[in-house]
Amino acid sequence: DAGVTQSPTHLIKTRGQHVTLRCSPISGHKSVSWYQQVLGQGPQFIFQYYEKEERGRGNFPDRFSARQFPNYSSELNVNALLLGDSALYLCASSGITGVTEAFFGQGTRLTVV
Amino acid sequence: AQTVTQSQPEMSVQEAETVTLSCTYDTSESDYYLFWYKQPPSRQMILVIRQEAYKQQNATENRFSVNFQKAAKSFSLKISDSQLGDAAMYFCARETSGSRLTFGEGTQLTVNP
Chain A
1 DAGVTQSPTH LIKTRGQHVT LRCSPISGHK SVSWYQQVLG QGPQFIFQYY EKEERGRGNF
61 PDRFSARQFP NYSSELNVNA LLLGDSALYL CASSGITGVT EAFFGQGTRL TVV
Chain B
1001 AQTVTQSQPE MSVQEAETVT LSCTYDTSES DYYLFWYKQP PSRQMILVIR QEAYKQQNAT
1061 ENRFSVNFQK AAKSFSLKIS DSQLGDAAMY FCARETSGSR LTFGEGTQLT VNP
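For the record, the sequence lines run as chains A and B. Okay, so the first sequence: first residue is 1 according to my numbering, each after it adds one. Okay, so the second sequence: first residue is 1001 according to my numbering, each after it adds one.
One chain only, chain B, in its complex shape (with noise of 0.2 Å):
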């Protein structure tokens, strides 16, 4: 079975500081997509960054950023500068089948004022 493994459960940051959030991955695909999604308590699952295999440049969407590991199957999230609105669960998805995401289990992330 093709899965996503998301290593640490819970984390926790101080309000303006940066946190790493670690995902692995396995996959027989030479190109396929990368995933981090938020889910504050609202239930609303939404996307904060993306990446393509086939590109060697990580992804950055303003204060989140990804390092992307292709050989070592990892794909991590950087925060920085952390704000309350942050906290969330956090999951990381990779496509699968052109047609489905598998999700990790997920890491619930506090930020500390």
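Here chain A stands alone, though its shape is the one from the complex (with noise of 0.2 Å):
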């Protein structure tokens, strides 16, 4: 069975362009969290959602929003880049709307110049 798959694996982009960053769960699992792992830090979470819907948000500024489709599979968007976006961002899994069973994709490097 695939794991979490995240496209694309590396991103460069200017500041003040837009990215959209996607993850696939593992199949069966409608759970899709986002997280933020700035370079030397622990991830930070910016949001979850189950079966379509929101169910949390991190402390995150509005530039930051997420959707998730009817096959689960999910988008993370970032609008008005700074170079403070600059991260990992990694995308986890789970069967349930707890994260007791999450897994984690390999991530997207995202590079803000």
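No lab work stands behind these hints: they were computed from the structure. Please note: incorrect hints may appear among the correct ones.
[Said to hold, decoys possible] Examples of chain A residues toward chain B, derived with CB under 10 Å: (1) 35; (2) 56; (3) 61; (4) 90.
[What the hints assert, rightly or not] Across the chosen pairs, the derived CB separations fall in these ranges: (5) 1042(B) x 18(A): 24 to 30 Å; (6) 1072(B) x 51(A): 33 to 39 Å; (7) 1113(B) x 53(A): 45 to 51 Å; (8) 61(A) x 1113(B): 32 to 38 Å; (9) 65(A) x 1057(B): 23 to 29 Å; (10) 1080(B) x 60(A): 38 to 44 Å; (11) 1042(B) x 53(A): 27 to 33 Å; (12) 1062(B) x 2(A): 35 to 41 Å; (13) 63(A) x 1080(B): 26 to 32 Å; (14) 67(A) x 1010(B): 35 to 41 Å; (15) 1071(B) x 17(A): 47 to 53 Å.
Each residue gets a CB set at the ideal place from its N, CA and C atoms; glycine is no exception.
Dock chain to chain to rebuild the complex, using the hints, since each chain is given by itself in its own frame.
Following this line, the structure appears as structure tokens:
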């Protein structure tokens, strides 16, 4: 079985641009969460979606948005990119709303220049 | 804010020896999950071990075990018979609000041959 897949693996964007990151959960999993991991720090929670509804939001500005599709895949969108948005963006999927069975993808490395 | 603290930014151990990584956390909840994740250079977060707070027995997964002290809000990870493949960044995390993980800052573990 395929694990959590994220695309792209690496991305370079210019300040002010928009970016879309994608995540496909493990087959059968209905919950997707997004985390931002700045270099040298632990991941920070951004969003959780379950059954296409937002179930949790972290302390991030409105430039960050996400959605979940009927096939449970998800997109994370970031508008008006800042240099500080440079980070590893991790997606985690789980079969239930909680995080007791969260499995992570390999992440998307976003560099804003 | 509910926080997770890892006081050891770096640790090293000789191959085949035992090492303990420390973690303390803050919570107002009575039941919750605690986790240790491993993040090798490949970037993917890998679940090492999980502990449910209401269970008094410490979790064990092969060479990995925890020392869970609920009253002290302490959750340390012991790695026995350390192997070169154990070298990675280790993150302690706790479930927050049933839908998200709050991570510590991580401990970089080096295994010396």
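Tested hints:
| no. | hint | result |
| --- | --- | --- |
| 1 | 35 | 8 Å, holds |
| 2 | 56 | 4 Å, holds |
| 3 | 61 | 18 Å, violated |
| 4 | 90 | 6 Å, holds |
| 5 | 1042(B) x 18(A): 24 to 30 Å | 28 Å, holds |
| 6 | 1072(B) x 51(A): 33 to 39 Å | 38 Å, holds |
| 7 | 1113(B) x 53(A): 45 to 51 Å | 50 Å, holds |
| 8 | 61(A) x 1113(B): 32 to 38 Å | 46 Å, violated |
| 9 | 65(A) x 1057(B): 23 to 29 Å | 42 Å, violated |
| 10 | 1080(B) x 60(A): 38 to 44 Å | 39 Å, holds |
| 11 | 1042(B) x 53(A): 27 to 33 Å | 32 Å, holds |
| 12 | 1062(B) x 2(A): 35 to 41 Å | 25 Å, violated |
| 13 | 63(A) x 1080(B): 26 to 32 Å | 45 Å, violated |
| 14 | 67(A) x 1010(B): 35 to 41 Å | 39 Å, holds |
| 15 | 1071(B) x 17(A): 47 to 53 Å | 50 Å, holds |
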